[in-house]
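Colleague: The task is simple: from the sequences and hints, build the whole structure.
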Amino acid sequence: MSQLDILLLVLRVAFGAFVPLCFIAVLVWMERRGAAFFQDRSGPNRANICGFRAGGLVQNLADAVKLITKEDIIPDHIKHKFYFVLAPVIVFCIALVSFAAVPFADALIINGKEYLMQAIPTDLGILWFLALAGFAVYGIILAGWSSHNKYGVLGGLRAAAQVISYEIPMGLAIISALVVYGTVNLTEIAQYQGQLLFGFIPMWGVVLQPLGAIIFIVAAFAEANRTPFDLAEGESELVAGFHVEYSSMKFGMFFMGEYVAMFTSSAIIVTLYFGGYQIPWFSTETLVNNARAITVLLMLLTPAFAWVFALWMAKNNKSHYDRPNDPRVREAQIYTKILWGVVAALEIVLFIYLITVSGGVADRILVTLLQIVTFLVKTTLMCFVYVWVRWTLPRFRYDQLQKLGWQTLLPLSLLNIFVTSAIVVALS
Amino acid sequence: MFADGLFIGFAVLAVLGAVGLVLFRHPMNGAMSFVVTLISLAGLYALLSAKLIFALQLIVYAGAIMSLIVFIIMFLNIQPGDLPQEETKLFYVLGGGIVVLPIGLFLAKIVKSLPEHSTEILGNNFGGVKEVGLLLFRDWLIPFEIVSILLLVSLVGAVILAGKRGTTK
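Line by line, the protein sequences are chains W and B. All letters in the first sequence, in the order written, are residues 1 to 428 by this note's numbering. All letters in the second sequence, in the order written, are residues 1001 to 1169 by this note's numbering.
Among the clues, some could well be false.
Calculated pairs, DSSO-like style, for lysine-lysine (alpha carbon to alpha carbon, straight line, at most 30 Å) [what the hints assert, rightly or not]:
#, chain 1, residue 1, chain 2, residue 2
1, W, K66, W, K318
2, W, K81, B, K1089
3, B, K1130, W, K113
4, W, K79, B, K1164
5, W, K66, W, K81
6, B, K1164, W, K403
If you are wondering where the hints come from, they were derived from the structure by calculation, not from laboratory data.
Modeller: Right under this line is the structure:
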């Protein structure tokens, strides 16, 4: 292995491991701000470090300190302590590892060698996700069972039954998608979606497989145990379901695992149905060939966006009553300075790129970075859909949930497979 | 060699898991140690570069079937008092060991007498999804379909058996 190989290996694995972890903070923040937005209140706006609240992100830090310093209790009545401790670890690790097969950019070609932009450069693709999705059930079952608590067992039973039954429509929806793409490799699936339908519509999975996309998204919500399918932790009936006996960081693991799972399934949804890292209408080759023009466009657009963002900050980040020397206005001013500093740094980097190294390998790296940003933006939007649904739809009743899975989604996904296969066979 | 170390690790884990399945008294311990066996088998398949079988082993056996079994164990909520008294367990384990020992020795002898071959991974993405699929649907289509019909029959049978019990009540 050359040094470049090792460097790229480390970078890819680091991306696959740290980006989901960073997104925990972003998603918890998004959940809170989203909840506040939908319920017409302010959300976290008090926790601060020297007056800097970072729009509520500091609240996460306070939560982390609270969770870590809390007493870690293993109740006396628990006989299988090993499984009790193992369960949150399984939930968290499985969610993290299942991101490993998701491509976050098109295959990077350096000196004629192709590097797949996945943490684990395997062509198993969606099979890897399915394999690990099955394991997530163990965490829930073991947590509920080893808690030795009626609420815990009931929550675990509900969650496990739900995850097992929704895996079927999910798998069938994936099958019909695979019939269209003709491959299980997620990088190839994303490359397929870079084509144009009739010359002007991006060939995204959601266009080719609208029904499959809806079924998959609904099943993914159920797999992640999120509202409206979070009966496993229905507070009013089960207190907190399978993690009722957990405290401190063991609860924290469940909590973080939920958000990592949400990020991972958003990433899978984006890759399967929303074009993955593809920027609509701009294939990788087009981007590489027009790298200079795109750089100039970026250099023009970034200050414009920064300007709008700074205006928006100045308008919103101020106290709602008269305060002498409003600290929030001062806060916003400092953020604005930081923002312009970042923009200036970016402009300098892009300018240096433009006059010195543009053309060749640097173009490809630039395109890869652009695609990573696109992928993360799409995934964040999909995560917002999760938050949106959570605070919009009420919880199902349990029999309604099972009916939806078995009597609606299952026949629909079977129908979808037949229709899709017929069309694919007729067109080929 | 790294691959040799992995092989030994997976093989030892697979055997230990199987031993645990037989020896553990609590069904949950047995089921979880069997999961260890299934996962290590998947690892062995991956070492043989059988990628598709690796994924299927994880999805079908370790993921679906075992989680169903663990689910049922949780559903039954077995207490230590519900388990049968096994006073003669040691006797059975020893007896079983004595019966199996000659077969094991025989197998070890066979493996030792194998001619030494340097093994290497076949090229052409052997064991990949596409390659196995092509093989199944080109050369082995009829056996493949017959097996799937067998599965369908057992599925229908299970549904009918489950339905019958409901109507007689």
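Colleague: It remains to establish, for every hint, whether it holds in the given structure.
Modeller: Hint-by-hint comparison with the structure:
| no. | hint | result |
| --- | --- | --- |
| 1 | W:K66 <-> W:K318 | 28 Å, holds |
| 2 | W:K81 <-> B:K1089 | 26 Å, holds |
| 3 | B:K1130 <-> W:K113 | 23 Å, holds |
| 4 | W:K79 <-> B:K1164 | 39 Å, violated |
| 5 | W:K66 <-> W:K81 | 24 Å, holds |
| 6 | B:K1164 <-> W:K403 | 22 Å, holds |
The structure fails hint 4 only (numbered hints given earlier).
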